[in-house]
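Engineer: With chain A held as given, fit chain B with the ligand onto it using these hints.
Residue numbers (the numbering used here), protein chains in the order written: chain A, 1 to 388; chain B, 1 to 249.
There may be inaccurate statements among the hints.
[Unchecked claim] In silico BS3-like links for lysine-lysine, alpha-carbon gap of 30 Å or less: (1) B/196 <-> A/123; (2) B/204 <-> A/21; (3) B/196 <-> A/21; (4) A/114 <-> A/67; (5) B/197 <-> A/123; (6) B/18 <-> A/21; (7) B/197 <-> A/67; (8) A/67 <-> B/196; (9) B/219 <-> A/21; (10) A/270 <-> B/242; (11) B/218 <-> A/270; (12) A/270 <-> B/219; (13) B/145 <-> A/55; (14) A/21 <-> B/197; (15) A/277 <-> B/219; (16) B/203 <-> B/2; (17) A/55 <-> B/196; (18) B/18 <-> A/277; (19) A/270 <-> B/18; (20) A/55 <-> B/178; (21) B/18 <-> A/298; (22) B/52 <-> A/123; (23) B/178 <-> B/207; (24) A/117 <-> B/197; (25) A/117 <-> A/226; (26) B/52 <-> A/55; (27) A/21 <-> B/178; (28) A/226 <-> A/114; (29) B/203 <-> A/21; (30) B/196 <-> A/117; (31) A/277 <-> B/218.
The set of hints was computed from the structure by calculation and includes no laboratory data.
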Amino acid sequence: MTNFVGVDHFNIDELLTEEQKLIRNTVRRFVDEEVMPIIKDAFEAGRFPKELIPKIAALGLLGATLKEYGGAGIDSISYGLAMQELERGDTAIRSFCSVQNGLVIYPIYTFGSKEQKDYWLPKLMRGEAVGCFGLTEPEHGSDPGAMDTVAERDGDSFVLNGVKSWITNATLADVAVVWAKLDGVVRGFLVEKGTPGFTAVKIEHKMSARASDTGELYLNNCRIPKENMLPGAEGLRAPLMCLNQGRYAIAWGAIGAAMACYTEVVEYAKQRIQFDKPIASFQLVQEKLADMLTEITKAQLLCLRLGQLRDAGTIKPAQISLAKRNNVAMALQIARMARDLLGANGITLDYQTIRHMLNLESVYTLEGTHHIQTLILGQDITGISAFK
Amino acid sequence: MKVLVCIKRVPDTGGGFKLTSDNMRVDTTNVGFAISPHEECAVEEAIRIIEKHGGSSTVLTLGPQAAQEQLREAIAKGITSAILLEAEDYEFWDPAATAHAIAETVKPLGFDILLFGNESADTCNYQVGLRVAHLLDLPCVTGIKALEIQDGKALAKRETKDGWEVYEVALPAVFTVKEGINTPRHPSLRGIMSAKKVPIEQKKVTKPAPQLVRKALKKPQEGRHLEILGQGVDAVPKIIEKLREVGAI
Ligand SMILES: Cc1cc2nc3c(=O)[nH]c(=O)nc-3n(C[C@H](O)[C@H](O)[C@H](O)COP(=O)(O)OP(=O)(O)OC[C@H]3O[C@@H](n4cnc5c(N)ncnc54)[C@H](O)[C@@H]3O)c2cc1C
Chain A
1 MTNFVGVDHF NIDELLTEEQ KLIRNTVRRF VDEEVMPIIK DAFEAGRFPK ELIPKIAALG
61 LLGATLKEYG GAGIDSISYG LAMQELERGD TAIRSFCSVQ NGLVIYPIYT FGSKEQKDYW
121 LPKLMRGEAV GCFGLTEPEH GSDPGAMDTV AERDGDSFVL NGVKSWITNA TLADVAVVWA
181 KLDGVVRGFL VEKGTPGFTA VKIEHKMSAR ASDTGELYLN NCRIPKENML PGAEGLRAPL
241 MCLNQGRYAI AWGAIGAAMA CYTEVVEYAK QRIQFDKPIA SFQLVQEKLA DMLTEITKAQ
301 LLCLRLGQLR DAGTIKPAQI SLAKRNNVAM ALQIARMARD LLGANGITLD YQTIRHMLNL
361 ESVYTLEGTH HIQTLILGQD ITGISAFK
Chain B
1 MKVLVCIKRV PDTGGGFKLT SDNMRVDTTN VGFAISPHEE CAVEEAIRII EKHGGSSTVL
61 TLGPQAAQEQ LREAIAKGIT SAILLEAEDY EFWDPAATAH AIAETVKPLG FDILLFGNES
121 ADTCNYQVGL RVAHLLDLPC VTGIKALEIQ DGKALAKRET KDGWEVYEVA LPAVFTVKEG
181 INTPRHPSLR GIMSAKKVPI EQKKVTKPAP QLVRKALKKP QEGRHLEILG QGVDAVPKII
241 EKLREVGAI
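Just chain A, same shape as in the assembly:
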């Protein structure tokens, strides 16, 4: 297969630094060489390609934005570009990384004790340990504040009870960041694989994010040492801060998925002959391609600015929500249009588009659904919460 060259209609590359480009190109190549040859089969088999974890870690993608604990300390735009490239490969690969980074390394780094950080961060960043983030429950998705999972203090331990659902990396994870209520207040707990009363079960029969490890976490009188609570995380704000990390990564990742569909369908449309002409020569087709390129370009510029705001430290959650909302919706739209233009071929995994189209259905829902991002924006605009 030929190497991916990306989409850059507005010469955005000219706005990137040398390192940003090199990081993007490195991840791009990694995806071409390591992800593309296996992803179709992994998706079909419903298997997360675990064999990639050491390679992802060797690249330095885990904990990449940290300067401590051996992290490369890359800037937000570089990180975003890396997520874009990973999701151009598949949502599963981007999710693996952005969960490990934004939902596991980030909360341990931000809310953890020195002992927790020293113990977990090096392992997580070297890919020797995998983490997951347990917020969603079978009965509570968009409204995690209503969670049923509880923690009770018992001597030198906490005892956890509850079920977490739709958890990325669940069965792979060596450590779960579990959110539970202690005396009515949301707190974060580190639960290690193998702890009695803790089990992770894979969710089968997904038709989206099939190459991602998604599962349920069962906490049944699960007793953990009291040192395993994240001391700095108190209240729902803590997991929501994590979600903002994840949403940032998704806003970029969606561009990658959209680019994969767009570039695939442009090539196809130029070669597919109907009525004695390439289908690319029909106005209805060209209009769709023009719409796709326009939306990708807008999304790229949005993310570039979002990255600058993040590095400046002035980013607001509503800005991340705007980008996640816009970019995932545009990517899903592009994937559907591209699927249409691929005709019957578009329903097979021999083309990437349908895989991305299916994956994006998950991305539309996870880390705050499209509606929820809308309500966050609505509240930001009006000052009035419409959640309840």
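Structural biologist: Here is chain B with the ligand on its own, set in the frame of chain A:
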């Protein structure tokens, strides 16, 4: 051990490419650049030699300021230092001129091993490494796919149709490397961030009167050829014949 590796910045066209309207250059608008593939393997080989035998490695390119991008990529992977022979018009340098500038620069630097790509991905002249060896009066093995260093000597292997040619050469020596000698590593993000801080030695070079002058480029026809060779087992002999014809077997 001191190892030099020479690389070229080439357009990363990902398959298709366009020419500029005057047909003199590949149109690089919206096109990224990369280290030419054989040279990427040469970079990897240089890093492995130093990892195994100790010493230092230097990457050199004759190219524009923008070629710092490729030099830094090599440093990010593990090369120790870099030299840029700055020539914004590098696309119009012929192999003799390029070899001359390189030989002059590296002569006083005392490298034990000088690595080149067998040919660059854009112009494919197959000449620069060989010419540098000639100018420095060093032995040269071209198109190698294996290299081992032992007791001040190098064993270089070149693949032939029926097996391997093995050369034993005293160092210093020049080798031109072919893709397949190794699998180049990806730079790590940490490597990329620290490569930023490595200073690049720069020297302006001017193009001598060229021996080879580019008149124009012509893009080969992108014709697709479809031929039905028959059906079922009956087609087998014809398929074999075709595969032979295109050199696949
Ligand atoms: C592949 C995948 C991976 C995931 N990974 C993780 C993970 O690692 N960790 C984790 O904790 N969770 C994870 N999730 C869960 C995800 O965050 C939730 O699915 C999401 O928050 C939505 O919750 P829900 O599915 O319960 O939907 P619900 O909250 O039940 O929503 C159903 C519908 O109702 C709408 N809705 C709900 N409330 C409102 C409202 N107030 N106004 C308007 N519309 C509303 C929603 O927008 C949606 O359209 C993952 C999900 C998927 C699909």
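Engineer: Hint by hint, note whether the structure agrees.
Structural biologist: Status of the hints after comparison with the structure:
no.: 1; hint: B/196 <-> A/123; in the structure: holds (27 Å)
no.: 2; hint: B/204 <-> A/21; in the structure: holds (25 Å)
no.: 3; hint: B/196 <-> A/21; in the structure: holds (13 Å)
no.: 4; hint: A/114 <-> A/67; in the structure: holds (16 Å)
no.: 5; hint: B/197 <-> A/123; in the structure: holds (27 Å)
no.: 6; hint: B/18 <-> A/21; in the structure: holds (22 Å)
no.: 7; hint: B/197 <-> A/67; in the structure: holds (15 Å)
no.: 8; hint: A/67 <-> B/196; in the structure: holds (15 Å)
no.: 9; hint: B/219 <-> A/21; in the structure: holds (29 Å)
no.: 10; hint: A/270 <-> B/242; in the structure: holds (28 Å)
no.: 11; hint: B/218 <-> A/270; in the structure: holds (22 Å)
no.: 12; hint: A/270 <-> B/219; in the structure: holds (19 Å)
no.: 13; hint: B/145 <-> A/55; in the structure: holds (25 Å)
no.: 14; hint: A/21 <-> B/197; in the structure: holds (16 Å)
no.: 15; hint: A/277 <-> B/219; in the structure: holds (23 Å)
no.: 16; hint: B/203 <-> B/2; in the structure: holds (20 Å)
no.: 17; hint: A/55 <-> B/196; in the structure: holds (23 Å)
no.: 18; hint: B/18 <-> A/277; in the structure: holds (22 Å)
no.: 19; hint: A/270 <-> B/18; in the structure: holds (16 Å)
no.: 20; hint: A/55 <-> B/178; in the structure: holds (25 Å)
no.: 21; hint: B/18 <-> A/298; in the structure: holds (26 Å)
no.: 22; hint: B/52 <-> A/123; in the structure: holds (28 Å)
no.: 23; hint: B/178 <-> B/207; in the structure: holds (28 Å)
no.: 24; hint: A/117 <-> B/197; in the structure: holds (28 Å)
no.: 25; hint: A/117 <-> A/226; in the structure: holds (16 Å)
no.: 26; hint: B/52 <-> A/55; in the structure: holds (22 Å)
no.: 27; hint: A/21 <-> B/178; in the structure: holds (27 Å)
no.: 28; hint: A/226 <-> A/114; in the structure: holds (15 Å)
no.: 29; hint: B/203 <-> A/21; in the structure: holds (25 Å)
no.: 30; hint: B/196 <-> A/117; in the structure: holds (28 Å)
no.: 31; hint: A/277 <-> B/218; in the structure: holds (26 Å)
Violated hints are absent here; each numbered hint is respected by the structure.
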